[in-house]
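Visitor: Residues per chain are reported as follows:
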Amino acid sequence: MKKLLTGNEAIARGAWEAGVVVCTAYPGTPSTEITENAAKYDEMYAEWSPNEKVALEVGLGAAIAGGRALVSMKHVGVNVAADPLFTLSYTGVNGGLVLVSADDPGMHSSQNEQDNRHFGRAAKIPVLEPANSQESKDFTKLAFDISEMFDTPVMLRTTTRVAHSQSLVELTDREEKGIKEYQKNPSKYVMIPANARHRHVVVEDRLIKLKDYAESTDLNRVEWNDTKIGVITSGVTYQYVKEVLPEVSILKLGMTFPLPQKMIMDFADKVDQLYIVEELEPFIEEYVRSWGLDVHGKDTFPLIGELLPETIAAKMVQTLGDCSPRETAEPDQLQYEVPPRPPVLCPGCPHRGLFYVLNKLKVTVAGDIGCYTLGCLAPLKAIDTTICMGASIGTAIGMEKARGKDFARSLVAVIGDSTFIHSGITALVDVVYNKATTTTIILDNRITAMTGHQHNPTTGFTVKGEPTKEIDLVLLAKAVGVERVRVVDPFELEGLEKIVGEELAAEEPSVIITQRNCALIDKSRNNPYSVFPGACTGCLRCLKLGCPCIAKEGKKVRINLAQCVGCGLCATVCPSEAIRKEGSAND
Amino acid sequence: MTDITNILIVGVGGQGTILASRVLAGAVQMTGQDVKVSEIHGMAQRGGSVVTQVRYGKEVASPIIPEGEADIILAFEKLEALRWLPYLKKDGSILINDQRIDPMPVVVGTAQYPSDILDIIKKERKEVFIINGLGKAIEAGNAKTVNVALLGLLARCLKIDKKTWLDVIRETVPFKLLEVNLKAFEEGWNSFDR
Ligand code: SF4
Ligand code: SF4
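Protein chains in written order, with this note's numbering: chain A, 41 to 627; chain B, 241 to 434.
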C-alpha cells in the first residue's frame, strides 16, 4: 500500500519497521514530527527528553544494552548533543543507533544555517541523506543495518524540504529485531584514556571499511545521460537537478560521508564538465578538489540559503549555454510594495502582558528560544538578545559582570518553562553560585508551544500522553538557592509591573514565574471584547500590545470579533474604558 | 515532465490552508497519480504568511514549484494573493478569498495595506476568480469552514470527479464537523460560474 507521508512521518515509520525499541528527542522544527509519530506506535518507547544531550545519552544507553534506538533533533540540537556523540563514535554501539539531524537551509525556523554533514565528518560517523519520503523510510532502515554492521552510530541528515514535504511511500511490516545480548566490555564502553586510545584505532579502521562500503552500496548511484555535463548531488537537491536539468548525467550520493572516491573519480573521468550541486556548504566539493579534480561548485551556486530549482537552472545557463536546462519562466517583477507578514504572538497569548510591561519599564532583556522570542518584534520590541536554547540567564550574568550591579537593576533574563528545564537551570545555578543579582523571568505557559505544543517535565504528561510527576518550578528555583521566588499571572498588569519593579531593585538573585496557559491550549474561551466608538479617544495605547485582532480604523480602532479570544488585556490598558466585553458595548 | 499540475495554496497561519492541501493531495492520490506536497511550518503557525505547494502528474521529481510555474493559486487572503502572484504562470488562474487580514507592520503603521489589490491582480492575469469565502462558510453554518468552501471552488477547476473529493473530505474531517464541511464544499463548488 502506498501512503502520502512527510519525510518525518516516513522516518518514524522506518524506525518502526526496523524494529526500533527506543525513540528520544527534544522537539525542534523541522524534526519534531518524527517523535510525535513514533510515539503512536505501541512497540516503541518514546520520550521528550529535557534536551538533546540527554536524548542521545538515553538512546546510546538503549543501544549499548542491545536495542535499536532512534534519536532525533534539529541541526542546532546536535551542538548540544555533540559531547556524547563524539565519544559514542569511539565506543560504538551494540543494537543500532541512528541520530537524525534535521537541518534548516533558509532558516525557516532557526537561528542559524549550519550544515551538519560537518558533524558527521568531525565525529567520524557515516552520514546518509535521503531525497524524499520513500528514501527517508528506506534509509532509516538501512542506517540501522549499517550501524550494526560497522558498530557505529549513523547520522541521517534531512533538510526542511525533505522533513516537511509529502510524497508517496510503500509501507511494509515491522521486523522484530529483539534485543541483542549485552556483554560487559569495559575496554569498549569505559572511555578512560587507556581504553580510548585503542578505540581511536578502531574508529580509523572502521572509516577505511566504510569507505569501501561507500563504493559498493546502492545508496550511491549513477544515472547516465548526456556525458557533456555530470552533476554530483545529494538530498532534495537531487530532485531539483532532475527536474530542471533532465539531460545531464547525475551521480546521486545517498551517503555523503565517507565519500566514494573511486566512484566519483570514475564519474568525473567520463563526463566533460563536472558540477557539484549541494545546498549550504561545499562539503563534497572540498573533498573532490582535494583529489585534484576540476569542478564547478560554489563558484556557480550560492553558499547561503536554500538552493532552489530555478536558481540551479539559471546558474547553469549563465556558466554554460549548452546544457539545455528545461525552460523556466521569466521572473515577474511586481511593481508594488507587499508588506511583510511576520509571525506574531497569538491573540490571548500569556506572554503579551509581560513584554508590554518590560517595554514600558525600558529594561534590557536577555532573551531565549521559544514563542516568546516574538516579543522582539514591533510594537512590543522588548528583547535585546537571542542566541540559543538556554542562553538568556547566562547572557544576563555576563552583562551584569561586565557592566556592574547598577546595570543589573534594569536587566532581566526571560526564558520559557521548557527551555529553562532544557538548559536554563544550570545557568540559574551559576547566578546563585557566582553571586550575580540577575532577575530571571520564567514564562511558564504549561507547554512547549513554539514547536507545536509538546509536553515537557513541567506539564505532568509524557509524549504518549501518560500522566507523570510534574516538576514544581518554585521548589526547583528555591532548591538551587534562589530565595526570592514569586509567581504572578501575566494578565494582571499592575501586579506584574510592581513585582518586576521590586525584583529588579533587589540586590540578590530572584525568579519571577509568570504562569498562565498558552492561549492555544486554554479551553476557556471567553466572549470577545469590542470597542465602544463613543468612548474611544484614538490614543492608540491598545495597539502597543501587538494583538493581531486589534487594527486601526480611521482615527480609532476596531477589534476582529472572529479572532478575539476575550483575554481582556486590551481593556486593561485602555485608559478611557472604551474596550468592553461584547454585548456591553454600543448599549 | 510537462504533464505536471502545479498548485499553490497561500494564506495566513491559522486559516486552515494545511487541511485544504491534505484533502487536495488525498484526492489526487485516489486518481492514481504521483503527488508531492511541500509545506513549511514552524513560525508560520503564529499568523505568518503560509504557503503549501502541491504538484501532481505521472511522475513528480521536485516537491517545490519554481517561480512563474504555478497553474493555479488558491489564496485565502488578498495580500497573500498579491505576494505570491509572481509564482503564477502568465496564463494561470488565481482564486481569491475576498478577505483582508492586516499584518502587524500595517497594524502598527510602518507599512500600508494596498487598497487596490484585486485591480492590480486583474491587470496582471486574466483568470481571476473572487469568492466571499467567509460568506459561503456562514451560509454553510460555520464560519470556520472557509477553507473547505475555498477547496470546493478549487475542486471545480480540476479534472477530478466530485465523488472523489467528497470521499476524501469524509476521511479527513472529524465526524462531528462533517455535515457542515460537506455543505461548505458544496457552496464553494456552486460558486463557480464561467
Ligand atoms: S502558541 Fe501559545 S505561547 Fe505561543 S504565541 Fe501562541 S499563545 Fe503564545
Ligand atoms: S481581548 Fe483584546 S487583547 Fe485579548 S485577544 Fe481580544 S482583542 Fe486581543
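Treat each hint with caution, since some may be false.
Unchecked claim - With a straight-line Cα cutoff of 30 Å, these simulated BS3-like cross-link-like pairs (lysine-lysine) come out:
no.	chain 1	residue 1	chain 2	residue 2
1	A	Lys-421	A	Lys-584
2	B	Lys-416	A	Lys-563
3	A	Lys-43	B	Lys-362
4	A	Lys-355	B	Lys-399
5	B	Lys-362	A	Lys-592
6	B	Lys-298	A	Lys-592
7	A	Lys-43	B	Lys-399
8	B	Lys-318	A	Lys-421
9	A	Lys-80	B	Lys-384
10	A	Lys-504	B	Lys-416
11	A	Lys-42	B	Lys-330
12	A	Lys-595	B	Lys-318
13	A	Lys-518	A	Lys-538
14	B	Lys-416	A	Lys-584
15	A	Lys-43	B	Lys-330
16	B	Lys-416	A	Lys-355
17	A	Lys-475	A	Lys-563
18	A	Lys-400	A	Lys-220
19	B	Lys-416	A	Lys-42
20	A	Lys-80	A	Lys-220
21	B	Lys-362	A	Lys-42
Keep in mind that the hints were calculated from the coordinates and are not lab data.
Visitor: If a hint holds in the structure, say so; if it does not, say that too.
Guide: Evaluation of the provided hints:
no.	hint	result
1	A:Lys-421 - A:Lys-584	holds, 10 Å
2	B:Lys-416 - A:Lys-563	holds, 18 Å
3	A:Lys-43 - B:Lys-362	violated, 39 Å
4	A:Lys-355 - B:Lys-399	violated, 36 Å
5	B:Lys-362 - A:Lys-592	holds, 28 Å
6	B:Lys-298 - A:Lys-592	violated, 49 Å
7	A:Lys-43 - B:Lys-399	holds, 22 Å
8	B:Lys-318 - A:Lys-421	holds, 28 Å
9	A:Lys-80 - B:Lys-384	holds, 28 Å
10	A:Lys-504 - B:Lys-416	holds, 25 Å
11	A:Lys-42 - B:Lys-330	violated, 35 Å
12	A:Lys-595 - B:Lys-318	holds, 24 Å
13	A:Lys-518 - A:Lys-538	holds, 21 Å
14	B:Lys-416 - A:Lys-584	violated, 39 Å
15	A:Lys-43 - B:Lys-330	violated, 34 Å
16	B:Lys-416 - A:Lys-355	violated, 52 Å
17	A:Lys-475 - A:Lys-563	violated, 42 Å
18	A:Lys-400 - A:Lys-220	violated, 61 Å
19	B:Lys-416 - A:Lys-42	holds, 28 Å
20	A:Lys-80 - A:Lys-220	holds, 24 Å
21	B:Lys-362 - A:Lys-42	violated, 41 Å
Hints 3, 4, 6, 11, 14, 15, 16, 17, 18, 21, counting from the list given before, are not met by this structure.
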